[in-house]
Every structure is written in structure tokens, then in C-alpha cells.
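Chain by chain, the residues:
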Amino acid sequence: MLTINFDSPVSLTAQITDGVRRAIAVGELAAGTVLPPVRQLAADLGVNLNTVARAYRALEERGLVVTRRGRGTSVAATTETARPKREVVKDVSAKLRPLLSDARLAGLGADQVRELVEREMKLVWKRG
Amino acid sequence: MLAFHLCFPLFMELFPVLFALTTPTRIDAARDEDEVLQRVGVLQTRLLVATVVAVAVTVALWVGGMTRVAGFTWPLFFPLFFGFARPLMIAKNPAWGSNARHDSRRSASFEHRDPQRIVPASAWLPLHLVNAVMAGVLVWQWQELVTNFGVSHAIVGVMIWAVAAGFCIVVGMFAVDATAREPEPRPDEPNPQIEELYVKNRRFRAWTFFGGTVLTSLLLHSCATLIVWGPSGAVVWIGSIGGATLGVVGGIVGVICDLRRVKIQELVRSVSLAKDDDVR
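In the order they appear, the protein sequences are chains A and B.
Okay, so the first sequence: first residue is 130 according to the working numbering, each after it adds one.
Okay, so the second sequence: first residue is 273 according to the working numbering, each after it adds one.
Just so you know, these hints were derived from the structure itself, not from any lab.
Just so we're clear, the structure is a prediction, and the values are computed from it rather than from any experiment.
Heads up, none of these hints are tricks.
The following label-pair restraints were derived from C-beta to C-beta distances:
id	chain 1	residue 1	chain 2	residue 2	range
1	B	Ile-524	A	Gly-199	33 to 43 Å
2	A	Thr-208	B	Ala-302	36 to 46 Å
3	B	Trp-479	A	Gly-199	17 to 27 Å
4	B	Gly-519	A	Leu-178	28 to 38 Å
5	A	Ser-137	B	Val-428	53 to 63 Å
Quick list of in silico lysine to any residue cross-link-like pairs, SDA-like style, CA-CA up to 25 Å:
id	chain 1	residue 1	chain 2	residue 2
6	B	Lys-535	B	Arg-453
7	A	Lys-255	B	Pro-464
8	A	Lys-255	B	Phe-382
9	A	Lys-255	B	Ser-379
10	B	Lys-472	A	Thr-162
11	A	Lys-255	A	Gly-156
12	B	Lys-472	A	Pro-166
13	A	Lys-255	A	Leu-245
14	A	Lys-251	B	Asp-460
15	B	Lys-535	A	Met-130
16	A	Lys-251	B	Ser-381
The C-beta atom is built at its ideal place from N, Cα and C for all residues, glycine as well.
Whole structure, please, built from the sequences with the hints as guidance.
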């Protein structure tokens with residue numbers, strides 16, 4: 130299931146891209162799965178066709194999906210191999226820091242945060 | 273026939289107001305009751321005034337002796353329904369706006385809805401075969417057509433038939449494909465009941481559109497056959513009765529599809545609201 134939030138400061142294209150990436154990460158979309166056509170997803174989400182098309186292009190650039198004429202867009206890989214690992218680690222750290230800061234400022238203890246992270250990790254890694 | 277020129281436009285002009293007034297008002301936790309009732313009141317007044325004006329125009333034309341012009345006021349249905357009745361229906365129940373955003377979030381399934389899985393290409397083959405046979409018969413009987421109607425009339429007649437039959441198939445295929453592309457928003461969490469309703473609704477729409485295409489093609493072929501070989505006047509009866517029946521059935525199917533769509537949207541909305549309550 131792909132959910133977008135129209136009130137979010139994150140762009141709709143980024144939300145769709147992240148939603149598909151998350152679905153691939155948790156195994157909801159296996160390699161070879163054909164994604165819904167741009168027109169169908171745009172209608173279901175109530176967004177412009179170009180928004181979905183841009184999200185699919187971004188996923189293609191990351192090597193996660195592949196578009197073949199007449200066969201649509203399908204999941205090509207379940208890992209993003211296009212980027213060097215060191216860059217990925219840096220990226221993840223940069224994204225984690227503000228989240229952890231938010232948690233601390235909100236008064237959560239380290240144990241609570243660890244528990245929260247572990248719970249989310251179980252969800253993402255549950256399908257191997 | 274003259275009475276029909278009055279009854280038909282009046283029915284078309286009164287249908288939007290009757291439909292909108294019988295739509296129940298749904299007020300749930302996400303909507304402010306006073307605000308909803310106030311908006312419904314304003315839109316209801318606008319619809320009633322617009323309907324009275326439309327009916328007055330038709331009756332005035334009729335009374336003034338312009339009965340034929342009065343008969344052609346039926347397209348006032350479109351501004352009345354889409355401009356006045358539909359906003360009122362959506363104000364009464366947001367589920368009537370199938371593509372309307374009920375809240376700031378919206379979800380979609382990753383399932384690829386392939387129209388070929390609903391109505392496979394093989395289902396169209398008998399229809400193409402009937403068209404091919406009809407084309408063959410017309411070629412075979414070409415001489416008789418020319419003898420009865422003259423060359424120019426025969427050519428024009430066959431061209432009209434071919435364009436109408438082709439148009440019917442293209443529109444039919446487009447309509448069946450469009451059923452798979454109709455917006456199907458989901459609640460944030462997968463819900464088996466909603467999934468099942470969407471599948472049933474999609475199948476119903478696709479097969480009724482397919483059936484409509486087949487029946488319209490057959491009606492066209494019957495009319496073409498009757499023009500050439502049938503008794504005088506037969507085509508008028510078959511064409512008008514068949515066409516009117518298809519139109520009425522199409523209208524009923526449209527209303528059924530709309531009611532099913534609203535039922536699903538109401539369910540999506542209630543599931544989403546229930547989830548919001550859980551989060552709170």
C-alpha cells in the first residue's frame with residue numbers, strides 16, 4: 130500500500146519514490162513485480178500523471194525499477210547498487226541524526242528510542 | 273409525439289433535483305454538522321432556483337407554440353446535474369465525489385489492474401467475426417443495394433454503417449479499458465472487504481460495457497439489414513425501440529455503478545476515520 134500526505138512539506142514525487150522504495154525494502158514488492166501503470170497510480174492517488182512519471186524515473190535512476198516498452202515498469206532489484214556503500218552510510222546517518230534529535234528533544238530516553246528503532250527494523254527486515 | 277417533446281425535457285430537467293434531494297446527508301466525525309447543513313441549504317436553494325428557471329423556459333416555449341424548440345431544451349440536464357446537483361450531492365456525502373480528497377492522506381494499491389484480465393481479448397473475437405460476416409454480406413449483396421438505392425446512396429449507406437460499427441467497437445474497447453483506470457483510493461491499511469468490493473465493481477463495469485458494445489453492434493447490424501432487406505418502416509421501430517432500451521439500460525447501469533462507488537468510498541472513509549481515532 131502506498132500512502133501520500135498532501136499536507137506534508139515533502140514533495141509528492143519524493144513521497145511516491147520513498148513509498149515504492151519502502152515497499153521494495155520490506156519485501157511487499159518482489160523483484161520482477163510489475164508496478165501499476167502511471168495513469169492508474171495517478172488516478173488512485175489523485176495526483177498529476179507527471180508526478181508519478183517523475184517518481185518512476187527517479188526509481189529507475191536508482192536502479193530499483195526498469196521500464197520496458199509494452200511491458201510497463203517492474204521491480205528490477207531489491208537493493209540499490211548504483212551508489213557506493215560509504216555514501217549510503219553517510220546518507221543514512223544524516224537522515225537519522227535529526228530524527229534522534231527530535232526524539233531526545235521530545236523527552237524520549239535512549240532505551241525507548243532503541244526499542245522503537247528495533248521494532249521498525251523488525252518490520253523492514255522481516256522478509257529477509 | 274408532441275407530448276413527448278414536453279415530457280422528455282421536463283423529465284430530464286427534474287431528474288437532477290429529484291436525485292440530489294433523495295441523496296441522504298452523511299455527517300461523520302470529520303465534518304462539522306452546522307457547516308455541512310448550511311452549505312447543503314445554500315446549494316439546495318441554487319439547484320431549486322435553477323430547476324424552476326429551466327422548467328419555466330421549457331413550458332414558456334411550449335405555451336408560446338415553439339413545441340419543437342421546447343423539445344430541444346433537454347440538454348439543460350447537463351448544467352443542472354453537473355453544475356448544481358452534483359456539488360449538492362458531494363456536500364451531502366463526500367463519497368459522491370469519487371476522486372475528491374476526503375482528508376490530507378490518500379492511499380493506493382500496488383496491484384496492476386490489467387483490463388485484459390477482466391475482459392480478455394478472446395471475448396471480442398465473436399464480435400469481430402459478426403462484423404466481418406456483415407461486411408461480407410454487404411459486399412455479396414452490393415449489386416442488389418445499388419439496384420434498390422442507386423450507387424451514391426448505397427455507398428453513403430455502407431460508409432455510415434462501417435463508421436458506426438467501427439466507432440462502436442473502438443468506444444467499447446476504450447470504455448472497458450477505462451474501467452480498469454477508474455480511481456480506486458484505499459484506506460491506509462489493506463482491507464479485504466474493500467478489495468473485494470473493488471474487484472466486483474470493476475468486473476461488473478467491464479462486462480456491462482462489453483455487453484453494451486456487443487448489443488449496440490448487433491442493433492446497428494440489424495438496422496442496416498432491415499434498411500436493405502426488411503419491410504418498409506421496420507427499421508424505424510427496431511431502431512427506436514432498441515436504441516431507447518439500450519439508453520435506458522445504460523442509464524440504470526450508470527446509476528448502479530455510481531451507488532456502488534459511493535458505497536465503497538463511504539467504507540474507505542469510515543475505515544480511515546476509525547484508524548485516525550485509534551491513532552488519537
